[in-house]
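Engineer: With these hints in hand, go ahead and build the complete structure from the sequences.
The chain contents come next:
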Amino acid sequence: MSTPAGVIGEFKDVNVIMTAAQKINEAGYRKWDIHTPYPVHGLDKAMGIKRSIITYISFLGLCGGLSTALGLQWWTGAVDYKLNIGGKGLFDWQFSIPIDFELSILGTAIMTVIGLFGLCQLPTWYNRYQNDESFKKATDDTFVVTIDSDDDRFSAEQTATFLKGLGAQNVHTVTA
Amino acid sequence: MSQLVNLGSSPLIGKIQRYGMILTVLGAVGLGAAYAVGGGLQRMMGDYLLGFWYFAGISVTMVFFSALQYLTRAGWSSSIRRIAENFAGMVPFMLVGFLPVIINLFSHSSIYEWTHESALTDPILIHKAGYLNTQFLIIRLTLYALLWFGMYRVIVGNSIKQDTMPGDHRPTEKNWTLAAPMVLIYALSISFCSFDLLMSLEPHWFSTMFGVYTFAGHFVAAISVITLMTVALYRGGHLKGYIRDEHFHDLGKLMFAFSVFWTYIAFSQYFIIWYANLPEETVYFTARTSHGWQYMGIALVIMHFIVPFMVLLRQDVKRKTNILVAAAIIILISHYIDLAWIILPAVGHVSGSEGMMFGWQELTGWIFFAGLFMMLAARAYKKNSAMAVNDPVLAESKEYVV
Amino acid sequence: MKVQEQAPIREPLVLGNPSLHDITARIASIVESKISMKYLMTVGFTGALAAWGLFALYYTITTGIGVWGLNNPVGWGWDITNFVFWIGIGHAGTLISAILFLFRQKWRTAINRSAEAMTIFAVICALTMVLSHTGRPWLFYWLLPYPNQMNMWVNFRSPLAWDVFAVNTYFTVSALFWFVGLIPDLATLRNYVKSDLAKKIYGFLSLGWTGSTRHWHHYEIAYMILAGISTPLVLSVHSVVSFDFTVGIMPGWHTTIFPPYFVAGAIFSGFAMVMTLLVIAREVLDLKQFITLKHFDNMNKIMLATGMMVGYAYGMEFFIAWYSGNPYESWVFMNRLFGDYAWAYWTMVTCNVVSPQIFWFKKARRNVPLMFVISIFINIGMWFERFTIIATSLHHDFLPASWGYYSPTWVEISIFIGTFGVFLTLFLLFSKFVPVIAIAEVKGIMPGAQPSHHHDHEHGHASHAAVTEGAH
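Chains as they are written, first to last, in this note's numbering: chain A, 1 to 176; chain B, 1 to 402; chain C, 1 to 472.
Check each hint, because a few of them may be wrong.
Stated by the list, open to error - Calculated pairs, DSSO-like style, for lysine-lysine (alpha carbon to alpha carbon, straight line, at most 30 Å):
(1) C:K294 - A:K136
(2) C:K362 - B:K174
(3) C:K200 - B:K161
(4) A:K136 - C:K199
(5) C:K200 - A:K31
(6) B:K398 - B:K320
(7) C:K106 - A:K136
(8) C:K294 - B:K174
(9) C:K362 - A:K12
(10) B:K382 - B:K240
(11) B:K320 - B:K15
(12) B:K240 - C:K106
(13) C:K294 - C:K194
(14) C:K288 - A:K136
(15) B:K15 - B:K382
(16) B:K174 - B:K240
(17) C:K106 - B:K398
(18) B:K161 - C:K294
(19) C:K194 - A:K136
(20) B:K383 - B:K398
(21) B:K161 - C:K363
(22) B:K398 - C:K301
(23) C:K301 - B:K161
(24) C:K200 - B:K174
(25) C:K301 - C:K363
(26) A:K12 - C:K199
(27) B:K174 - C:K106
(28) A:K164 - A:K31
(29) C:K200 - A:K136
(30) C:K106 - C:K432
Bear in mind the hints are in silico, worked out from the structure with no lab data behind them.
Structural biologist: Spelled out as structure tokens, the structure:
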């Protein structure tokens with residue numbers, strides 16, 4: 001009961017949170033986060049988050065979808081079950097385009113969502129702060145900073161003072 | 001900001017004017033040479049048509065681009081809209097540009113097969129004579145020229161009028177109201193003009209998609225020209241603060257989207273005809289996929305689609321001006337190939353040449369009109385402000401974020 | 001999706017300048033409020049329509065499609081008409097989400113959620129139509145390529161096989177896109193609602209979303225990629241549907257303009273349907289703050305524009321039918337004008353081309369009852385467009401001896417009414433239990449929601465934006 005899970009602080013002003021994000025990052029904290037009701041532009045950059053790799057995952061999906069489509073149409077039509085239909089070739093690039101396209105899109109979409117879920121570890125139906133009232137406001141109208149207790153620089157009092165100094169309201173320690 | 005931005009004396013505009021002049025002279029000499037030693041009247045006319053329609057199409061589309069910005073009340077583009085308008089300088093002179101085509105109709109061996117004597121005994125052409133006849137074509141071409149001049153007067157005219165009327169937004173409001181009918185006029189006139197000038201080169205052939213197809217080509221080419229000029233102005237240090245990364249991003253996005261759109265239209269047209277395999281329609285593509293013309297077709301797929309697609313797909317490159325310039329140039333080259341692929345096989349057929357007809361002659365018309373296009377743009381920059389300085393939504397262009 | 005300086009000449013997108021909490025409370029209150037008698041009765045009514053349609057469907061499946069009015073020359077009737085109609089309706093959702101985003105139209109945030117929901121429900125209806133059309137829908141898996149004891153593969157040269165891929169891809173991607181968009185809003189509801197059961201359900205569906213910036217970072221890119229790929233997808237789906245007609249050689253069907261013409265028509269009809277539903281939803285759920293006259297004005301303009309595009313295509317088809325010199329082609333088009341189905345053709349022209357012309361006037365674009373009526377006209381007109389295309393080309397084919405006339409039986413009519421029942425019921429359930437407005441997106445475009453540009457993070461801001469926009 002007494003072990004702290006982390007420190008939580010609320011911000012209301014979007015410009016203040018931008019500065020705070022940068023300061024916390026500069027102070028060397030690594031296991032921390034800002035929870036916001038909507039994506040704030042540039043906040044991830046200010047927090048020092050590196051560019052997401054999700055585009056590469058999507059691209060993999062595109063390649064997978066496209067090669068499946070080409071392989072499927074070529075192999076079934078020109079190898080496994082040769083049949084002259086309407087005088088068209090057994091496999092022509094022309095008639096393969098619609099399905100090539102659709103499966104590329106399908107592959108991209110599925111891999112994008114899988115990538116998103118993987119990178120964000122969704123679904124995770126538990127969060128150490130989930131019962132905290134401040135934390136719940138993050139989906140409503142408040143920018144909520146959380147600094148986890150397993151961060152190397154974490155110290156319940158100092159971190160709380162630090163957050164207050166950045167302009168955070170209602171700073172308090174959350175116990176696990 | 002309500003001070004006019006006159007770049008008439010800037011080195012950039014000077015350069016455009018100088019090169020324009022050189023190209024015009026070079027092109028005129030070239031066209032003459034094409035006529036005299038390069039293959040005769042028909043070939044020269046084909047090359048003329050290619051050059052003329054390339055830049056005429058782009059110029060009219062520039063007016064359309066501007067009208068579209070008014071129609072959608074676009075804020076982002078208000079600082080670069082004038083770039084499009086300044087490139088529309090050819091529009092008032094369309095009738096002059098049509099003249100050689102019109103005169104050519106009366107030649108016994110014009111590039112249009114339907115004017116030939118053989119058309120009198122061709123049942124299909126007899127059927128079409130109600131539309132494809134010299135008098136009616138002249139009337140139509142005149143009508144297009146007048147309509148386009150009207151569009152130019154309204155859209156570009158009001159846009160320029162706004163420059164000297166700070167605080168009074170009536171010219172802009174007029175354009176907001178009139179943009180819709182102007183877009184409508186553009187859609188109809190550009191389609192029918194492409195039927196008249198291009199599709200009727202193959203008088204038996206027809207495609208309902210053809211108007212949309214040529215529009216798609218003109219539009220992406222116009223965006224590419226705007227991109228080139230925006231980059232040039234930016235590098236020349238002009239319109240500081242008004243040309244931003246965001247504009248490059250958006251222009252890149254439009255180039256990307258519309259080169260894909262062109263591909264979609266081009267593929268659909270080809271695909272439907274390929275699959276149904278009706279001789280009356282496939283004639284167009286068989287002529288263009290044999291005798292060496294197929295290389296142009298392949299070049300189109302690569303340069304009008306694959307290269308721009310690959311180059312512009314990535315997010316971050318749309319802010320690198322070098323890459324945008326490269327993409328724009330590739331698109332402009334492929335737009336040339338596109339029109340050449342439509343026009344030249346038909347002209348080659350009429351002039352009785354076996355095999356692929358492509359040489360230095362084919363560049364002359366393009367060079368001539370490229371020169372005129374640049375000179376008229378330079379003239380516009382000397383006369384008008386380089387930016388729509390009193391546009392009511394100009395501030396958004398300075399501030400918007402993608 | 002982003003806010004910036006607005007020129008003073010612009011109208012606000014959200015009226016009354018609510019706080020972020022007001023937005024949450026306003027949208028969530030729809031979910032929280034007690035189910036009214038009116039709502040129950042409406043759902044009861046639409047549910048009854050759905051049940052009636054399902055009964056007709058049951059009758060069809062157990063008896064065979066002989067119970068429909070299809071006959072020898074006319075092998076496609078209301079079934080395919082309805083299929084194309086519903087697929088078309090779906091397109092507006094994707095258009096609002098994706099294409100309007102590409103053209104940076106911020107006003108779309110208020111309506112994209114309901115439009116996307118509509119897409120999914122419309123595609124469900126379309127799938128019902130096309131599956132029942134197969135005659136033996138329990139063998140639907142024959143449409144998919146899988147190794148089987150007959151040693152046969154799907155014929156990939158057939159446009160109908162492309163359709164299977166296109167429609168299924170469309171359904172899957174739309175559903176994924178919609179759900180991804182919903183996750184943050186479901187989390188908002190999870191933290192807002194009072195009842196335990198609702199908390200559990202929204203908690204489960206929101207997958208434990210916390211609004212973490214580390215997650216938003218991936219989320220925004222993923223969302224933009226999905227929006228980016230939806231744009232070409234929506235073009236391709238209706239183009240593939242049009243290939244069902246065009247790649248053959250049937251006069252009236254085989255014409256190159258069909259792909260973009262179908263897409264424009266789909267957007268047109270889809271917007272009309274969004275309009276019909278939004279006018280109602282805005283009244284019933286009291287969303288006037290979010291769905292303003294400005295939104296309607298813009299939508300009416302798009303309807304006018306797309307209406308002109310289909311008008312262009314109608315005209316172009318006629319011109320080329322004559323210009324081609326092909327007697328069959330010209331005959332089919334004359335038959336549309338004056339033949340047995342002239343009534344359907346003229347209904348189509350009146351509804352699709354003539355009626356939206358009133359939207360040239362600003363007063364008309366902001367007159368809610370009027371736009372409601374016109375939107376219904378357009379729905380009717382676009383249905384007749386598909387019917388005209390299908391019926392006129394088929395009923396008089398190349399052999400005059402087999403010419404005939406097609407009219408539907410009560411079964412087909414009931415199934416069609418039933419699809420409306422299904423569609424409306426799903427939409428009503430959606431508007432009650434799911435946030436009808438994209439809460440996070442609307443919050444993101446509120447004035448002051450984003451850091452100001454004069455802030456010292458401007459640099460980071462600009463380069464961040466480069467990353468977040470996805471495929472376009």
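Engineer: Indicate, hint by hint, whether the structure satisfies it.
Structural biologist: The hints, checked one at a time:
1. C:K294 - A:K136: Status violated; Cα separation ~34 Å.
2. C:K362 - B:K174: holds, 14 Å
3. C:K200 - B:K161: violated, 62 Å
4. A:K136 - C:K199: holds, 12 Å
5. C:K200 - A:K31: holds, 28 Å
6. B:K398 - B:K320: holds, 19 Å
7. C:K106 - A:K136: This hinted pair holds, its Cα atoms lying about 28 Å apart.
8. C:K294 - B:K174: Holds - the C-alpha atoms of B:K174 and C:K294 are around 19 Å apart, at most 30 Å.
9. C:K362 - A:K12: Not OK: C:K362 and A:K12 at ~40 Å, beyond 30 Å, violated.
10. B:K382 - B:K240: Status holds; Cα separation ~19 Å.
11. B:K320 - B:K15: Roughly 24 Å between the alpha carbons, so the hint for B:K320 and B:K15 holds.
12. B:K240 - C:K106: holds, 26 Å
13. C:K294 - C:K194: violated, 34 Å
14. C:K288 - A:K136: holds, 28 Å
15. B:K15 - B:K382: holds, 13 Å
16. B:K174 - B:K240: Measuring from Cα to Cα gives roughly 28 Å; hence the hint holds.
17. C:K106 - B:K398: holds, 17 Å
18. B:K161 - C:K294: Given that 30 Å is the threshold and the Cα spacing comes to 28 Å, the pair holds.
19. C:K194 - A:K136: Holds, because 13 Å separates the two Cα atoms, which is no more than 30 Å.
20. B:K383 - B:K398: This hinted pair holds, its Cα atoms lying about 24 Å apart.
21. B:K161 - C:K363: holds, 28 Å
22. B:K398 - C:K301: Satisfied, since the Cα-Cα distance of roughly 27 Å is no more than 30 Å.
23. C:K301 - B:K161: Holds: C:K301 and B:K161 sit about 26 Å apart, inside 30 Å.
24. C:K200 - B:K174: violated, 56 Å
25. C:K301 - C:K363: holds, 12 Å
26. A:K12 - C:K199: Measuring from Cα to Cα gives roughly 25 Å; hence the hint holds.
27. B:K174 - C:K106: holds, 24 Å
28. A:K164 - A:K31: holds, 18 Å
29. C:K200 - A:K136: holds, 15 Å
30. C:K106 - C:K432: Between C:K106 and C:K432 the Cα gap is close to 25 Å, so the pair holds against 30 Å.
Consistency with the previously given hints fails for numbers 1, 3, 9, 13, 24, ordered from lowest to highest.
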